[in-house]
Amino acid sequence: MVNMLQKKVFNDASEHKWQLVAIICVCTLGVALFSGFNLYASTIENELNRSYSRFNLADYWVYKSGISPEELAKVRNLPHVTGAEYRKLIDLSLYESEDSTLRIHCMEGQGEINAAEVISGEALAESDRNALLLDYRFAQAKGVAAGDSLFLGMDGQREAWFVKGIVRDVEYAYYAPNGLTIPDYDTYGFAYANASAFPQVPFNELILTADEAAEPQAITAQIRETLGVVNIVNRSYHASVGKIEDDLSGNRKIGTLFPIVFFLTAALITWITIGRIMESGRHHLGTLRSLGFAKREIILRYTFYGALISGPSLILGWLVSRFFIASTLYRIATTYYSIDINGVDLLSIHFLFAALGVVIVTCGSAYLSCGNSLKFAPATLMRPKSPAAGHRILLEHISPFWKRLSFSGKIVARNLFRYKSRMAMGLAGIIGSTALILCGFGIMTSIGAMIDKSFADIIKYDAEVKLKAPLSVAETAELLKGIKGVESFDCAFSFGITAYGVNGNAQNPYLVVLEDAQSSLIFKDAQGNPVSLPMQGALITPRMNIALDVGTGGTIAAEGIDGTALALKIAGIIDFPVGNEIYMSQTAFSEISDSPFSVRAFFCKGAGTDVSALRHDPRVAVVETKEEMRENLNIVLEIMQEMQIMLIVFSGLLSIAVMMVLGRMNYDERIRELATLKVLGFHKDEMKRLVLRENVWITAIGLPFGTVASYFLLRAVLSLAASPDMEISPSLNILWIAVGCALTLAFTLFVNFMMSRKFKSIDMVASLKSVE
Amino acid sequence: MAKVIFEKVRKDYLMGATTIHVAKDVSFEIKEGELCIILGPSGAGKTTVLNLLGGMENATSGKITAAGQEVTALGEHELTDYRRYRIGFVFQFYNLIPNLTALENVELARQVCKSPLDPEESLRLVGLSERMNSFPAQLSGGEQQRVAIARAICKNPDLLLCDEPTGALDTETGKAVIGVLLDICRNMGKTVIIITHNSLLAPIADRVIEMKNGQVESVSIRDEPVGLEAVKW
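Line order of the protein sequences matches chains A and B.
Its first residue numbered 1, the first sequence is counted upward by one per residue in our numbering.
Its first residue numbered 1001, the second sequence is counted upward by one per residue in our numbering.
Warning: the hint list may mix true and false statements.
[What the hints assert, rightly or not] Capping the alpha-carbon separation at 25 Å, the derived lysine to any residue pairs in SDA-like fashion look like this:
#, chain 1, residue 1, chain 2, residue 2
1, A, Lys468, A, Ala176
2, A, Lys760, B, Glu1121
3, A, Lys481, A, Ser100
4, A, Lys7, B, Met1015
5, A, Lys410, B, Ala1017
6, A, Lys403, B, Lys1063
7, A, Lys758, B, Met1015
8, A, Lys688, B, Glu1078
9, A, Lys410, B, Val1112
10, A, Lys758, B, Tyr1082
11, A, Lys758, B, Gly1016
12, A, Lys684, B, Cys1113
13, B, Lys1003, B, Glu1032
14, A, Lys420, A, Arg689
15, A, Lys684, B, Asn1058
16, A, Lys410, A, Glu112
17, A, Lys420, B, Pro1098
18, A, Lys769, B, Met1015
19, A, Lys769, B, Glu1121
20, A, Lys243, A, Ala145
21, A, Lys17, B, Met1015
22, A, Lys420, B, Ala1137
23, A, Lys760, B, Lys1003
24, A, Lys403, B, Glu1078
25, A, Lys684, B, Arg1110
[Unchecked claim] Some residues of chain B that are not near chain A, with every Cβ distance over 10 Å (derived):
#, residue
26, Gly1062
27, Arg1131
28, Ala1202
Simulated from the structure, these hints should not be mistaken for lab results.
Even for Gly, the Cβ is constructed at its ideal location relative to N, Cα and C.
Here chain B stands alone, though its shape is the one from the complex (with noise of 0.2 Å):
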């Protein structure tokens, strides 16, 4: 069963007098369960075809439909809701509350969701059992993007998103936080998405989605991904 149908979708920005357009007619879909990986240059449009699924951005004629809902239907309460719901995401930059140690960010997702996984057991899952009340400040950025990861799977989210998660980090980090995100895709059966530029990543994803000026150039379905220890970095 298809988790994400992103048909036909455009995004396209009014700069004054000009329009340009980010999203051409974007077309694909992924699987429950799958890990794919959105491939592609920067200004490719892989960011934008993220916020849209993630319901951060309003499509201008399309249809996406995530976890069973009309993504492009809803309405501004609703689109919170969904992300409320529905969506985890994991960014380059971490964004972290500063002032919340560790734990404390991964609780504030819980409070706003219906069945959220126990905070500190989505720590462990990530390895940061011994830095729960670490502060952000306190944490390496590996570390950081852990607790990203962690306040995200709290949610107990249907989908995972992560823009260049690996971006801001070093190659041992980087894998490291792949690594996670791996596990959660085949251990807990979550769907996830990963934006990154890294072609080298492209091996362990069951979907390659990979994106040119803003339109998708092809679509490769893997039967059987390759294991991060396989991936040379």
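Chain A extracted, bound-state conformation (with noise of 0.2 Å):
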């Protein structure tokens, strides 16, 4: 008897097998989206937090110039210090490629601490000289491999380095220095190499781990009463750890409220579907009674019917967020972060969830609606249902409206009004698609707005040269002679300092002192009022306000790599999207260091300036255009943008499964009427006209709604998604809600035109036959 029931359910299922597999889609994209997302997310970190376990990465880098051995050991012995090495840290250039340049390590031994990785070749031993271990991806670059040799040197000085292995290490997962929006294989490495091989150099980096119970401020504190006046990074600020942590934590957070939104959307339209296909099954539930069935055995089979979506929705979605979204953005991800690829994980907590919530609510829906059904006497549910009963709407007190209606359009909005649910639905479906569709189109339109602020608005010079040495303004005034197309320049005086705000929150940007009558960068205030370069304070971001704490009038502490303190006043806060730099002028600087404004970078402008052969000169360290800049922070925008495509495709999925389950429910709860209708002596196109027309009603009902919706979730994502490097403004424009609206409503016209070829098909005889 039980699998004859089995059998019955699986029957009932066949009988809406289009609405079934339409709501099996909606769940497929909603599991795919939020687990794909957090499964890329995930399976960076877990890689990550793998390699920084493993290669026991520091907790602490410590830069001071000339560090003793004694020093080095009482660094050991402070409490929760579980373990410090001391380097030397030099930047090398590639011999007859000196804009290519080799940060080496030098260590005393095989160091435990940023343990490098080999790849190829062999381990340092201890009475190696000139011998190096080269990080792959610059080795990839320069197509240098174990056993090779490089030339290091410049100015006609050269010594040779035997390569004996290739390595990669945890600390340069991330490795774009210099200011560089994207990493640069081919002009920046890292190597490492025996400390002895320069014995003329002072050690001047100190690394080390911490217990768990070690208080960041703590550490800090005893590390300066201990070596003096330096500079400390903690893990946090590194710059590799703390640009992937931004990375993911942006990636995670709108992957998290985008699928939710769209999951949710879902599962409302998976509740509502399968409890209207319950409810038009309530005669076969009264059969059961009547045969002796009991009501837990039938509710416990129907809820089963759950199950039938669950299954493959999760089946699916799985393969979805594994094999095309994870994969995707993994891919992406693995070009500029050099971390073991060992691909995507195979799940991640956040299907469980998925999971977890596909199940609640397809079977939670098939339980409830069966056991409500299952309240009536079995006489009752055989019987049909009476139908819903028509009454007047709203509307029709509206005189001047309700008159001018066409008779199909009085039928199509009392309709609209009598089945609540199924417009509840259809309205839901067509907000939550609009809406995601038009933040997807936001996002786009947003990351473009940002760009052409950036680039149009704000910077004004044409290339940024970076020097490796600082030089005179007289120096460069020399250094660009000869360079063509350029008409004037700017000098700038920037290095890296850490900022502490009041709050104790601490920030490593860049100090950039311009010339006073500078004009390569325009500033802005919030409300796009223009700010010039004051003479007393810095100028700051909002971002690195909040994170400091600070507000215009107050003043932050800072210090400079060789731990020079500097009291900064902050002077205004301006809009600056991409960087989150401090400002000065050279006149403010003067007043707070007695450090002089000596030339780090310039901006040269000028229509038709070719810095090429900048690139070359062995002063120059980066030389970068605009359109350059543009071209990286598109790269850097790579994953954003691949996430706002799958937005877009899936919420176009979505929208087109919901206007065909909303499509095919019309359609089959109203056969009787289409075929009174048929019978009547109604043409298709006439029929279509009062049933279909109902679809486009709801999508124009629902579009506004949409819209507004779009507007909020757009705001919440990008600020969601804002690093302290980057925020993107929501910017939406009419051309595009156009766009986006007009794709829903697309979706829907298709829908009606798939749906219409069914009209054709209406069997008057059987349709009007008595529900038996």
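Mind assembling these two chains? They're in different frames, but the hints should get you there.
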């Protein structure tokens, strides 16, 4: 008996197969999106955490010129410090390829902290001189393998180095030094050598690990007490660790909020649809009850209906999340994160959350609907449920409107309000998917607007040149002689600092000191009013302001990489979407520091500026044109752009699935009405006008609400995605709103077209038979 | 002049490997302005005959002529036009559109006609002038059936086809509904065909076609049918 009941449930399901297929699609999309984005982020995070612990990533980096063995011993003996090593940090150029720089860490013996992972070749022996372990990305870019030789040096002095091994290092998982927007493996790499190779260079870098009970502030204070004035960077602010953490946290936040809205829309639609399907089969329940099946037995079997949806949805959702979404994002991420590429993890906890959500929604809906129906006596269930009573709707009381409405318009309007749950489902689907599609477009246009604002309104120079060693303004002018197209240039004295907020937070921006009369950067406040470079105090971004909780007029304590203390008074907060530096005028800087203004970077202006000749100048570290910066920024945003495309496509699919369910439900539940119209002599097109126009109405009503919802969703998504280095303000223009709305409408019309084919095959005789 | 002619009409249904013959060589004719009752037990093929005549189904073979048109020769589109302009249907279960008032249900039919009657007049004819603005759920079964009749006659059809119009009604209500159909036939001169298994109705008809097992068993013509008041229900 039980098996027959099971069979019956399958038969009932096959009666509604297309609705079930649409619901499976909706659930699949929800599961895929929610678990896909998070699976990507957690894969990278897991990979990094494994590497961090396997290769013993340092908790603190301390920079000081000339660290003695005694000082190292003292640091090792500090409470909570579990290990400390010192290194010599040297930047060397590649001979005859001076724009390529290697950052060499020289150690005594095999380091245990930030241990390099040898990919090919061998580790260094203590006796090795002029041998190094080379960064694998740099080696790939230069075509160097273990066993090859590399020439380092400049100005005719070169020294051959034996590449003993090719390595990867967790502290260089993301390496874009000198303010690069993306890694440039051909220009920047790292290497390890023995300290004995540079006997004349003092130890200037100390790395240490601490136990879990260590308080960052206490450790920092102890180190300062032991070593004097030093620059200390803790793990969260380390260039590589911090950057990846910011990226992942932004991605994870988008990957949570957006899919949750998606998932809620999908859940609501699933809930209502299953309820309607169960309702339409209530006479079957009556028959089963009259045959003597117990309520519990029937409820359990029909709850299985939910499982019929959950099973395929979870399998498909997992496949899409694992092999499409997470894999695509992972592939992009691993092009600039130097991590061990082991492929995307199989699962993350988010899939289990999504699975639980789908099972609760599908089985819960089936369970409750079935249970509600079974409250009635079997005889009541077997009688067809009396149709919802027609009644006058509010619109009818607005006589001028109602009178002008066509006859079919009146039918559509009444019908919409008669089947409220169907309308609610349709509206929720349309509002949800419109909001999601527009939000997807919004991310795209907001990124575009942010880039335009940065490169058209703020950055007025055509190329930025960073120098290896400081020059004077006169030397800079000399350097620029003969460079084509340069009409003017502004010099900048910039250096890394650690800024401490009143709230105890620390940030590691560059302090960019600009010439008083510079015109390379145009500063504006949040309202768009121009802000001139102040002669006293500094300008900061809103992100820095929040991070350090300082405010205009407040002062932040800062220290340079050499430990010099600076007190920066905040003169203003500027709208600067890309980058998070602190800007000062030369005059303002001279009031707080005795350091002379020397040129570390300069900005060139002029139509047709061609700075390519500077790329090979030994004094120049980095040359970046405005176009290159724009291009690099686009690469940095690639993951977000890829996510945004997925969001648009998935939202479109959701919208199609919703309209499919709605159209099908509208058709199935009104088949008797349609057959009557056909008998009365209505042609196919006339019936379509009456029935399918309802979907267009729902879409038309839902679109404005969806547009408003998209604004809030976009704002929320972008504020979550903001990182210290980048802030994207919501910007969605009327054109893209029109495109998004037109797309949703097009999906509705597509579904109407699909449904209209069914009108041809309405069997009048079968449809008008009394309900058996 | 004959309004309806059935000539050797067959209707077969293919159910898997088996063919079921629901109408076998059905032949009869009905004159213009007649009230015809098709009688027979359940499964006799009455409804099939009505569906074939109404253009809701296609005959397997044979020829049906109605209102001067050869129904069996019409294509999908022409059949729709035939139902639209020539036929008025009344069903056992009314099949009213639930979210339209009585008047709007009748107006719905008028939407697709060339020379419809006034919907309010149609409702007055069936005695529902007081309930025009009620929704179907607010009407009794008999009242709903009268709306369905008003909807059918509003189209000003050549043929009014009624499939068990009293099947879902109690005796008194059923009688009132038949009275309305009789008035339409006698006063408006419409040809009305009623399907029923209630043989007590036979005396009111001009023509009675009895069917059994998909075949016409007998056709009887009454020159002087009795009035409804003479029928014992």
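Taking the hints in turn, this is what the structure says about them:
1. A:Lys468 / A:Ala176: 16 Å, holds
2. A:Lys760 / B:Glu1121: 34 Å, violated
3. A:Lys481 / A:Ser100: Holds: lysine 481 (chain A) and serine 100 (chain A) sit about 23 Å apart, inside 25 Å.
4. A:Lys7 / B:Met1015: Distance of about 23 Å is within 25 Å: holds.
5. A:Lys410 / B:Ala1017: Violated, at about 47 Å.
6. A:Lys403 / B:Lys1063: At roughly 47 Å apart (the allowed maximum being 25 Å), lysine 1063 (chain B) and lysine 403 (chain A) break the hint.
7. A:Lys758 / B:Met1015: 23 Å, holds
8. A:Lys688 / B:Glu1078: 18 Å, holds
9. A:Lys410 / B:Val1112: The hint holds at about 16 Å.
10. A:Lys758 / B:Tyr1082: 22 Å, holds
11. A:Lys758 / B:Gly1016: This hinted pair holds, its Cα atoms lying about 23 Å apart.
12. A:Lys684 / B:Cys1113: 16 Å, holds
13. B:Lys1003 / B:Glu1032: 5 Å, holds
14. A:Lys420 / A:Arg689: The hint holds at about 20 Å.
15. A:Lys684 / B:Asn1058: Given that 25 Å is the threshold and the Cα spacing comes to 18 Å, the pair holds.
16. A:Lys410 / A:Glu112: Judged against 25 Å, a Cα distance of about 79 Å means the pair is violated.
17. A:Lys420 / B:Pro1098: 15 Å, holds
18. A:Lys769 / B:Met1015: 18 Å, holds
19. A:Lys769 / B:Glu1121: 30 Å, violated
20. A:Lys243 / A:Ala145: 29 Å, violated
21. A:Lys17 / B:Met1015: Judged against 25 Å, a Cα distance of about 23 Å means the pair holds.
22. A:Lys420 / B:Ala1137: 18 Å, holds
23. A:Lys760 / B:Lys1003: Cα-Cα ~30 Å, so violated.
24. A:Lys403 / B:Glu1078: 33 Å, violated
25. A:Lys684 / B:Arg1110: Holds. Lysine 684 (chain A) to arginine 1110 (chain B) sits at ~17 Å (cutoff 25 Å).
26. Gly1062: 18 Å, holds
27. Arg1131: 14 Å, holds
28. Ala1202: 24 Å, holds
When held up to the earlier numbered hints, the structure conflicts with 2, 5, 6, 16, 19, 20, 23, 24 and fits the remainder.
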